[in-house]
Amino acid sequence: MARHKEKIFGVLAQFESSQDIFRACEKVRDAGYTRWDAHTPFPVHGLDAAMGLKPSRLPWIVLVAALTGASCALLLQWWTSAVDYPLIIAGKPLFSWQAFVPVTFEVAVLFGALGALLGMLGLNRLPQHYHPVFQSKAFDRASDDKFFISIEAQDPRFDTSKTADMLRSVGATHVEMLEE
Amino acid sequence: MSHGHEKKTLRLDEVTIPRNHWWNTFMVAGAVAGVAGIGATFALGAADHHQLYYSYLTSFMYFLTLALGGMFFVLIQYAARAGWSVVVRRIAENMMATVPVFAVLFIPVVLGMHDLFHWTHAEAMEDPILKGKESYLNQEFFLIRAGIYFAVWIGVALYFYRSSTSQDTTKDLQTTRRLQAISAPAIALFALSITFAGFDWMMSLDPHWFSTIFGVYTFAGSVVATFAFLAVFSVMMRRAGLLGGVVTTEHLHDLGKLVFAFTVFWTYIAFSQYFLIWYANMPEETIFYRHRWENSWANISAFLALGHFVIPFFFLLPRTIKRNATTLVIGSLWMLFMHFVDLYWVIMPNHHKHGVHFSVIDVTAFVGVGGVFLASFAYLTKRHATVPLGDPRLPESVAFENF
Amino acid sequence: MVSVPKDFDPRTYDPVEHRAPLVLGDHDFHTVTESIARPVEWKPPIGWYLVLAASLSLLGLFGVAIGYLVWEGIGIWGVNNPTSWGWAIVNFVFWVGIGHAGTLISAILFLFRQKWRTSINRAAEAMTIFAVMCALSFPTIHVGRIWLLYWVFPIPNQMAMWPNFRSPLLWDVFAVSIYGTVSALFWYTGLIPDLATMRDRAKTRIRQVVYGFFALGWRDSNRHWQHYEKAYLILAGLSTPLVLSVHTIVSFDFAVSQLPGWHTTIFPPYFVAGAIFSGFAMVITLMVVCRSVFKMQHLLTYRHFENMAKIILLTGSMVGYAYAMEMFIAWYSGNPYEQFAFLYRAFGPYAWAYWIMVSCNVISPQIFWFKKARTNMAVLFIVSIFVNIGMWFERFVITVTSLSFDFLPSSWAYYSPTIWDVACFAGSFGLFLTMFTLFVRYLPMVAIAEVKTVMPQANPHHASGMTTATGGH
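Residue numbers (the working numbering), protein chains in the order written: chain F, 1054 to 1233; chain Y, 8 to 410; chain B, 32 to 504.
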């Protein structure tokens, strides 16, 4: 991908606390970087705003999925009970919408839940087999107790030495280059 | 969004309603509307006692369920040791503390007993089924029970109201501990009293009909309306600068979520009742829905399903609607309206069996009881700080943010 | 801000001016990870193998009982006319009920911002999935000819027939299987970051590959966390009505009928309250044990148990309310069949079961009015066992009493289970315990990432957390 940057993926900086990474993210955001990310062992409250992220579009995906599920279920029940295999049961009308509420609701939830998980994975481009941040030995602690910022070489403001210096100046305790 | 929540200490004058504020006019207007409305109700209803008492009972139940919903809100906040809600809790406390007024407003229901409740008639007891219920459905026990309900409600309401308002100045942590401890048994008393009040004052209008879920149904409607009322008054008082600037979008968002959640809860309960009766199809039960699915009542039934569930569900679903004060108030006012439709739909078909018949007395009764309720509410709001100043969790509530 | 005193007693510490800590002791993020990962990474003690062996023997019993059932038919059970639903349905409802606390703890408590859930939600969700597996096995074997089970699904077939969507039993098929699926999705979503933690800590290649495979390449990215948190919130929002709907639909199995004692409108919320009640009881039973075996006292604190005890008290009282409403309305209805059904429940030949139910479900939890009982592990454990027993009996009372006294007195019969009923029920515990024993060995039983969010140093504005000065490089 990054041909002109000689296979440098970017820079990875380690921070020691959620307070430090929070302020560092604000600084990186204000410095105008766009292709960068924070890595934290747990979701840090308010970090989305500190990074300047836009709200997730996931709710819309889920809404569409759930409505699709409800429509499919209702359609299935109507077609099987009232059209393809019409049979009076318990003196109820062939299309008894009341009796179809439970299954319609359940299938809506099923589709919505699948939409939520798969939509989340899709928006996150997961599963992903490999990512350059995993080269770093220190990064193993990203899922434990350390906090990281990675800035990609493709970012227009990226400059190997200046970006690293900037990260150190905002409190990084360890900075390393990542190869593609 | 500010970082590091700098501690804000509220001064009493920031949360006190000023002398010449329009809130006083609001209170007086409520009182005038109350007297005029009740007067007009009785004047117009002199010719038609049935209409008079049915209209009155509908509005009485409407505003009583608001007051009781306020009580539930206060009790549950203490029981759950909630932090977020402290800044809006005083509004609910003021709703709750209007309960003694309802003991007085209950007098017309007693006067109208004979017009409202078929089982008070001697000839009703010739029916063997009603005869079997005589030990419960008789006038003496009915009045004793009403006395017990009001004793419980007034006792709980005044105890919590006085303790909480006195804490404004004492700032005593012990008050919170005591109220937390007592809130759980109070909830048990509340649950039983609202259940049997629902049985007595609404379900027994048709003394043959019965439903075990009816108490929960009464409760569910009451709670939706209460959250809606809280949302409306939080926004209104915040805009008027009466809440010391501590009620934020975050609190409104939470109230919006509660209106939404309990709209769904009401639907769940209402559908469960309807569905089981529809499916089993037993005549002694289906009669309730038959009355409401024949002639023009069918329109009200359909409107109830649409207006109490479908419309508010999709309207209140997006986050932005609940975080915008104007849209939140629109949704909440709609739910307050639908709660009235709900009670009208429960109560009125017992009188107008052959179709919907709107009456001007419906309006005068609503204005009358509502005026008295709002005037009492406004008066109580004026007497003390609009925010519980002495509550130890006030700073937590002020700093509260949704995730 | 008032600070937490250093030497507080976690049993009695309940301040109103601030919140008691949810992670006790002098822990940082790393030690929390260590303490949760330890049971997954250690060589398990002999006790673990003993529990696994015992569970596997019960599971073997389940296998034998099912094998014989398939061979011989459901005649080996005590079911017959008029009591055509016996222990199998009782066990089904019992397990589904238990399966409700997991998703409830995760979903409803999440929506209500009950932060204490973070220490117990993972194990409770796992328990949910295993309980749903047990629950599903009973209707599956109850059909007798289990090779025809596919008839319950809307699959085009050579008979040109479709399942009956107006039958509550079919709603059950959808409700319980979807509940199991969504619970598993929700559980897995919560596990992804922790699987990444296990991957990053892995000492062996096989662990790294397996945990890494299921971690999907999770790299703790905040751009990911953003969508992840939204997905979690939505899943919680979807699961909350789902939890309610599933036990509601289970209650419909009974309540849409016209049978006295079954057809009553309070059944949906009453069943839901009962399910939450029994589910929390099972969580307490398991957590009291796990807490001491896996040394989780700093994460499963007295406060967690106290809150659960309060929910037991609340839902137990709701169930008591429902019993009272049923009794009152049965009398008030003036319907002689309804009155008879409830009179026989309480004073007929099954009165022993009814009073066991009332004592265990309504009376025993009342001890939780006392704080001393709520913070005493022995009392918690014993009451939770009582509740489990009582809730099994509740389903027994509902199922059996109404069926055995039907509208035709000549067909009345007293229902007794056979040895195979007992074997199936005991065997289902084998399935449940085997799964749970394997779970605590191979997956982190506390949500590592989530529990860190409730520690004070997780707050990005926490004053004492500044470890480095900015701008001074």
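If you're looking for bench data, these hints aren't it; they were derived computationally from the structure.
Ideal Cβ placement from N, Cα and C applies to all residues, glycine included.
Warning: the hint list may mix true and false statements.
Said to hold, decoys possible - In the EDC-like style, the derived pairs of lysine to aspartate or glutamate whose C-alpha atoms are separated by at most 20 angstroms in a straight line are:
id : chain 1 : residue 1 : chain 2 : residue 2
1  : B       : LYS146    : Y       : GLU257
2  : F       : LYS1107   : B       : GLU260
3  : B       : LYS326    : B       : ASP59
4  : B       : LYS146    : Y       : GLU403
5  : B       : LYS146    : Y       : ASP134
6  : F       : LYS1080   : F       : GLU1232
7  : B       : LYS403    : B       : GLU65
8  : Y       : LYS178    : B       : ASP45
Said to hold, decoys possible - If you want the ones that stay clear, here's a sample from chain B, every Cβ over 10 angstroms from chain Y, calculated:
id : residue
9  : PHE143
10 : ARG144
11 : TRP182
12 : THR295
13 : PHE325
14 : SER364
15 : GLN488
Q. Is B/LYS146 within 20 angstroms of Y/GLU403, Cα to Cα?
A. holds (15 angstroms)
Q) When you check the alpha-carbon spacing of B/LYS146 and Y/ASP134, does it fall within 20 angstroms? A) violated (56 angstroms)
Q: Below or equal to 20 angstroms on CA atoms is what counts here, so check B/LYS403 against B/GLU65.
A: violated (32 angstroms)
Q | Outside-interface status for B/PHE143 - nearest CB in chain Y farther than 10 angstroms | A | violated (8 angstroms)
Q) Would you say B/GLN488 is clear of chain Y, with no C-beta pair closer than or equal to 10 angstroms? A) holds (15 angstroms)
Q: Over 10 angstroms to the closest beta carbon of chain Y is the bar; see if B/THR295 clears it.
A: Answer for B/THR295: violated, closest chain Y Cβ roughly 5 angstroms.
Q.
Y/LYS178 and B/ASP45 were given as a pair; does the straight-line alpha-carbon distance stay at or below 20 angstroms?
A. holds (18 angstroms)
Q) Once the closest CB in chain Y is found, is it more than 10 angstroms from B/ARG144? A) violated (8 angstroms)
Q.
Just to be careful, I want the Cα atoms of F/LYS1107 and B/GLU260 compared with a cutoff of 20 angstroms; is the pair within it?
A. holds (14 angstroms)
Q) Can we trust that B/TRP182 is non-interface, i.e. its beta-carbon lies farther than 10 angstroms from all of chain Y? A) holds (23 angstroms)
Q) Does the no-contact call for B/SER364 survive, Cβ to all of chain Y over 10 angstroms? A) Contrary to the label, B/SER364 does not stay out of reach of chain Y, its closest Cβ about 5 angstroms off (not over 10 angstroms).
Q) Is the straight-line distance between the alpha-carbon of F/LYS1080 and that of F/GLU1232 20 angstroms or less? A) Since the Cα atoms of F/LYS1080 and F/GLU1232 sit roughly 24 angstroms apart, the hinted pair is violated (cutoff 20 angstroms).
When the structure is compared with the earlier hints, violations turn up for hints 5, 6, 7, 9, 10, 12 and 14 and for no others.
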